[in-house]
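Make a model of the complete structure from these sequences and hints.
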Amino acid sequence: MFLTLLKRELMLARRNWVAVLIPLFFFVIVVSLFPFAVSPEAEFLQQIAAGVVWVAALLAVLLSLDLFYRGDFQDGSLEQLLIMASPIQVALSKVTAHWLVTGLPLVLISPLLAGLMHLNYAPNGAVEMNHTPIMMLSLLLGTPTMCLLGAIGMSLSLAASRNGMLVAVMILPLYVPILIFGSSVITASLANSGYNAQIAILAAILLFALVLTPYTTGKALKVAVS
Amino acid sequence: MNWQEFFSMGDHGLYVWWSYGLTLLTILLLLLLFNVYRRKLLVKIKMQQQEQSLKARVVKTENVSG
Amino acid sequence: MASFSKTAGRWFHQLGSPKWFYQKSVKWLPWLWISCLALFAFGLYYSLWASPVDYQQGNSVRIMYIHVPTAVLSMVAYLAMAVCAVIGMVWKMKMSFMAMRALAPIGAAFTLICLFTGSLWGIPTWGTWWEWDARMTSELVLLFLYLGFIALHSSFSDRTKADNAAAILAIVGAINIPIIYGSVKWWNTLHQAYSVTKKGAIDPQMQTPLFIMIAAFYVLFIILVIIRLRLEIMNREAKAKWLQQEVGLGQESNAGANG
Amino acid sequence: MSSKQSEPSSYNLEVKGLTISRNEQPLLEDTDLSFNAGSITHLFGENGAGKTSLMRALAGLLPLDSGQILWNQIKNTHPESNFNQDLLFLAHNLAMKHELSIAENLQFYSILRGRKSSLEELSKVAAELQIENLLERHFSDLSAGQQHKVALCRLVLETVKLWVLDEPFVNLDAKTRDWLSAKMMHFAKEGGVVIFTSHQAIEGLKIHQRISLSHSEEEAA
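Chains as they are written, first to last, in the numbering used here: chain Z, 58 to 283; chain E, 2 to 67; chain S, 136 to 394; chain R, 58 to 278.
Incorrect hints may have been included.
Said to hold, decoys possible - Estimated spans, in silico, between C-beta atoms of each pair:
(1) Gly251/Z with Arg79/R: 35 to 43 Å
(2) Lys47/E with Val268/Z: 27 to 35 Å
(3) Trp377/S with Val37/E: 41 to 49 Å
(4) Trp377/S with Arg79/R: 18 to 26 Å
(5) Asn73/Z with Gly22/E: 54 to 62 Å
(6) Leu214/S with Ala183/Z: 45 to 53 Å
(7) Gln50/E with Gln125/R: 48 to 56 Å
Bear in mind the hints are in silico, worked out from the structure with no lab data behind them.
Note that CB positions come from ideal geometry on N, CA and C, so glycine has one too.
Written out as C-alpha cells, the structure is:
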C-alpha cells in the first residue's frame, strides 16, 4: 500500500518536474546571493558558509511543500487516499516523496555550494581540509526532519489559507534545534574539533520526528479534509 | 532612603521605572483590547437576538414499496 | 474513591459547560481582583523599596521581579494551552478549546513583557538591549510559537477546524519546547564562554519579594484568562438563549467586574 | 461486471443518534438511519440542506458531534471493521489527477483497492461509456462530462460493498444515466448498499428508501 502511494507521488512529481526543480534553483540562488551581500573573500565566506547553506536548505524545503499537498487537497484525491489508506501511510508516502524529490537533491548539489562558499578554503600553507562530506552528512540528517516537520505545518494550514507564509510562520520556530546542531557540525569540523555529538543529536531528532510526525500529520490531514 | 533617591535608584532608576511602567501599560492595553472586543461582541449578540434563530433540520425517511 | 470520582466527574462535566462557567466566573472576578491588587501592593513595596540592592548590578536587579514571573508564566501559559488542546481533542470539549484560544493572547503578552523587561535589564548589565543569551533567545522563539498559533487559529473560517488544527500545533509546539530550550542553551554555551547574566543563587532577602510577585502575576494571569475566556464564550455562544438574557441582564445591572 | 461475488454480501449500514454540524451550525440532531444490504437510498433535499455533509459523515470524513455509524454491526472507526475497504465515496470533485492519464488514475485506485484491474476490464467499462479511445489521454484534456464518466468507471472496477455517491447523476446524458441506474440496481441485487444524493428523482431507477432533508421553518426547540 505504501509503495503504491509512493509510486504515485513520484509519478506525479516526474510529470511536473519543472515545479520540482524550482526549489533546487532557489537553493543555489539564495546561497550565491550572499557573496554579493557580504563579501567575496574566501576567509569570510567560509565562516558563514554553514549557516547560509542550512538556512537556504530550510527555505527550499518549505517552498517545495506546497507542491505535494495542495494539489491533492484541492482536487479531492486526498479524501480518497485518507479513506482507502491509513492517514499515517498517506503522510509517510508524501514525506518520503518530498524528501526524495527535494531533500536528497539538496544534499547532492551541496558540494557545488561548498565550492561557491569556499568551504574548503585553507590559507596558504595550512593543510587543505575537505569539509564537504561533513556538510553533506549534516544535510542528509537534517533534510528529512525538515520534510517531516514541514508536513505537519503544511497539513495544518491546508484548510486554513492559501498563502504559504502561514506554514513558514508556524514551522520555522520548530526548525531552530536542527538549524543549531546542523550548522554547528560544519563549524566544528572547520575548527577541526569533534562533531560526533552534534551528528548524534541530529540523528536523534530525526528518529524522534520520524516516530511522532507521521501520526500527527495524519491527524492534521484528517482535520483538513473534515 | 528619601524620595529623591528612591526615584533615581542610583542612576538605574530609568530602566527600573521604564520596565515597571511598560509592564503596567501592556496589562492595561490588554484589558482595553478585551473591552473593545467585548463591546463588539455585545453588538453581535444583540444582532443575533433579533435574527430568527437557527432552522432545525427535519429528516423524513419513507420506505418506497416494491 | 467512588464519591471522589463522582464529584470530580460532576465538576469536570460542569466546567465543561460554558453557561455554568460564564455565570460562576462573574462571582470569582471581584475576589480575584482584590487579592491580585493586595498581592501587587505587597509585592511592589517589597521589590521596589524593601529589598536589598545587588552589589554588582545595583538597582537594576529590581527588574528581575517582573522578568522572572513573566518568564515563568509565558511557559506555563503555553503548557496550559497544550493541556487544553489534549483535553479538547480527547473529550471533544468545546470549553477547553475556548480556554486554549483564550490563553494564547495572554501568554503572548506575558512573553512580550518578559522580553522587553529583559532588554531593559540588559542595557545596564550587558551594555546593549539585546544579547543572544540562552533564556532571552528561548523566550523569543516562544513568542514566535505563540504568533504561529494565533496566526493559524485565526486564518480558518470554520471554527471547529480552527480548534482542531491549532490544538495539534499547540501539542507539537509543547513537545518541541524542551528541545528548543535545550538546544538554545547548548548553542549559547558554545558561542559564549561566560554566562552573562548572573543567575546564581538569589540572595535570600530577594527571594521573598520574588515569590510574592510570582503569586501576584499568577493571580493577574488567571484574571486575564477568565476575562478573555468569557469573551470567547460570548463570541461562540452568541446565538444561545441563556447568553442573550445574561447579556441583557449584564447591561442593566452593570456588574462591577469589567469583562 | 468484474468477478462474480460468490455469495451476496449481507452487510448493512446503521446510523444511531447521529448529530453533525457545519461551522457550529447543527445540521442533524440525534438521527437514526438504516440502510440494509441490497438497498438503494435516494437522499433528497434542497441545496445547503446538509446533504453533502451527511454523505461525508457517512463516508467517515466528517467527524460526528455524537452518535455512531455501524457497518456490519461494527463501529466504522473500529480497527477490525473493514468499512474503509468496503466503501467507495464519490464526491463532486472527481479526485482524479490532471497530470495522469485516465488509465493511470483508474489503475492507481484499483491497486489501492487491492486488485490491479486488467486492461481488458478497463477498456470494457470505457467502451460501455464511449470513452475507450481516451484511455491514454491526460485527464486534463477531457471535457467535464467525460471526466465524470471516468469517475463512474471506478464503480465497476473496484469490488466494494458500499457506494456513497454525492450527486452522481448531475450533468449526465440520458444514456449514461440509464447505464448508472442499471449498475446501481445490479450492485444492489448483489447485496451492495447504495446511497446517493440528487435534486430530482431518477426515472427508471427502483429505489428502496427515500430520505428527505429539509429545513423546517418553526423555531428550534
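Comparing the hints with the structure gives:
no. : hint                               : result
1   : Gly251/Z with Arg79/R: 35 to 43 Å  : violated, 58 Å
2   : Lys47/E with Val268/Z: 27 to 35 Å  : violated, 51 Å
3   : Trp377/S with Val37/E: 41 to 49 Å  : violated, 24 Å
4   : Trp377/S with Arg79/R: 18 to 26 Å  : holds, 23 Å
5   : Asn73/Z with Gly22/E: 54 to 62 Å   : holds, 57 Å
6   : Leu214/S with Ala183/Z: 45 to 53 Å : holds, 49 Å
7   : Gln50/E with Gln125/R: 48 to 56 Å  : violated, 35 Å
In this structure, the hints that do not hold are numbers 1, 2, 3 and 7, in rising order.
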